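Colleague: Listed below, chain by chain, are the residues.
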Amino acid sequence: MKTRLRLPGVLLLATVMILAACGKSVSRRQATEAIDLSGRWNDVDSQEVSAAMIQDALTFGWIDQWQRTKGRKPVVMAYGVKNRSTEHINTQTFMKDLERAFLRSGRVSVVADKDERLQSREERADQQQGLTANPARIGKELGADFVLTGVLNSIVDQEGGEKVVFYQANLELINVETNEKVWIGDKKIKKFIEQSKFKL
Amino acid sequence: MLRMLSSPLRALPRLLLWVALAALLAACSPHRALYPRLEQLSRQGKYLEAAQVVEKNKAEYGDRNSVLYNLDRGVFYHYAGRYKESNEAFAAAEHRMDELYTESISGNVAAFALNDNTLPYRGEDFEQVIVNIYRALNYIELGQTDEALVEARKVNLKLEQINDKYPAGAKNVYKEDAFARLLAGVLYEMGGTRDDFNDAYISDRLAADAYANDFSKNYGVQAPEALARNLLTTATFMGSDELQAAQQRFPGASPIPLQTLRQEGQLYFVHFAGRGPTKVEDAIRALMPDGNHIKIAFPRYKPSYYVINGSRVLVDGQPGTTLQTAQPIGAIAVENLQNRKGRIAVKAIARATVKYLANKALQERARKESQGAGLLAFVAGNVFAEVSEQADLRSWQTLPDKVLIGRVLVPPGKHHVQVQFTTGGASVVATRDLGEVTVDAGQTRFFILHTLQ
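Sequence lines, in order, name chains A and B. So the first sequence is numbered by my numbering: it starts at 1 and just counts up by one. So the second sequence is numbered by my numbering: it starts at 1 and just counts up by one.
What the hints contain is simulated information worked out from the structure, not anything from laboratory work. Quick caveat, the model's predicted, so the values are computed rather than measured. All C-beta atoms in this analysis are idealised placements derived from N, C-alpha and C, irrespective of residue type, glycine included. Where hints are given, some of them may not hold.
Unchecked claim - Covered stretches of chain B, as calculated for chain A (at least 3 residues, CB under 8 Å):
hint, segment
1, 99–109
2, 154–160
To be verified - List time: in silico DSS-like cross-link candidates among lysine-lysine, alpha-carbon distance up to 30 Å:
hint, chain 1, residue 1, chain 2, residue 2
3, A, K197, B, K175
4, B, K175, A, K163
5, A, K199, B, K414
6, A, K82, A, K181
The following block holds chain A by itself, in its conformation from the complex (with noise of 0.2 Å):
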């Protein structure tokens, strides 16, 4: 008796565990919440370099100056991050996050990269055919007097299940006339990334 009771106890362990398998949840988190998952670059990384250089680079005297000197704001063009880590990582979100920033502030002018300049000289092109009536003009885009560029680096130490990945995001700006770097920021990463070896 006691066997012939075990069989539906199991189909019915089966079919929770089934069951449960087959839920998917989602739950809305603010964005600035820290969830770490594979241990990865992820998005709380990105956003804790776009704070840091946002702050450095607003504060750092370079504007100013700028200003002192020129009489007008300082127009940044962003240049690509080059990556030199060990993940393939979206530099693209903090860089975004940063020419916003000098945007909302008002004291920096920010204008278009390569790619982007390509799409709008395409435009204004279309626009001279004849069709539109208030075209664009040529030559009247403004020129970056800063190039903002960057790298990140990583460093890994690992041993068994245990791993040290170590960030430094380091970004420049750099005068396009004369090749000085105004403003360096800097954001320095380290992670603890554990993985068991075994598990139930």
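Start from chain A and add chain B according to the hints.
Modeller: Coordinates of chain B only, in the frame set by chain A:
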């Protein structure tokens, strides 16, 4: 009478359940039945279709073999020239491989009770590195050199991890991947900055070490000429000490002058040749004194035969280069398995012992109840022993047997490129016309070739 009959009958469902379960697990990798069809499609060059066949049969692979599913998909998309899709598939495979670093204890118990096929497939060490080679090539073809370099750095990390995995003194033939290092060197060179050249030199040197220490000793594969020249070139950039060391290592080779690098284009050819060996089962069966039989099964590699063993490149009708073996994937696979044979055997013997003892106990208990029950338990137990013991024959079967590499330096402009596939010697088996190829000064381009014949 009724009691006599009822007890074997009561035991019957449980025994049948075991036998059914074992039979189910025996046919545990149904995706392997797909390979003949996939191979046929590959031979016809219908790679995209092959990728689609893999995708349609996702259920056949099952969750346990999701790594293999994505590897197979990734390979076919790669040969089909769908580099983005290929990368997505390989990324999924890599992700899963990482997760599987954590072994399931319950899974291992199941594997111990039945066989290794019940475990999720994580991929052999060398398979885990080859993923990055394919991904790097994908990124090159997509024109994303920086991303390709990420793959090169990942190879570094993985090789470290692999070497850490084995305790000091443990036999582990696959320690270094000379070809992955060679490719990383080329990628760093493509990066073009001073730092990149430095990194390229380090990779080239590691590659040369790996060919000298591992690949030539274990598989008889020497450093390809392209690597010799690259090492000398990057060493020249580093300084006289490095150059001297490199010259001692490759006395016959000459560096490529920096000016040539700037003024000419480099065409690299990567040829994936043949089909890798496949795993087959070797089984030992023994009759125990009490009439029970035990079975021990383990995998063995069976070589695959193919004709095209080499390739030659013609540029504008003139001989360009003869490709050389850079990575003997099949030989690495065989050697790697040989390495682990002891460990596999220990596990299989322990498993057979446990199954035998469990059978015996069950039979004795059944015999106490009745003769018929004893007989039934004996038959069922022996069927279970036979069916449940299955060697783990899974492997990344869509890998080639070897990878060849060659490089030609050409003046910038348009060139007509043809590839002759050979038996390895002089006779040409087939010719492939790559058409007009454009290369800029200082540019490095890659051409990927795949043959199964």
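Colleague: Could you run down the list of hints and mark each one as holding or not?
Modeller: For each hint, the structure was consulted:
Proximity of the segment 99–109 of chain B to chain A, defined as three or more residues with a beta carbon under 8 Å from a beta carbon of that chain, is established by the 6 residues found. With 4 residues having a Cβ less than 8 Å from any Cβ of chain A, the segment 154–160 of chain B passes the three-residue criterion, so the hint holds. A threshold of 30 Å between alpha carbons decides the hint, and for A/K197 with B/K175 the separation of about 21 Å falls inside it, so the pair holds. A threshold of 30 Å between alpha carbons decides the hint, and for B/K175 with A/K163 the separation of about 20 Å falls inside it, so the pair holds.
Restraint check: the Cα-Cα separation between A/K199 and B/K414 comes to about 58 Å, which exceeds 30 Å; the hinted pair is violated. Our distance criterion of 30 Å between C-alpha atoms is met by A/K82 and A/K181, whose separation comes to about 17 Å.
Hint compliance for this structure: hint 5 is the single one not met.
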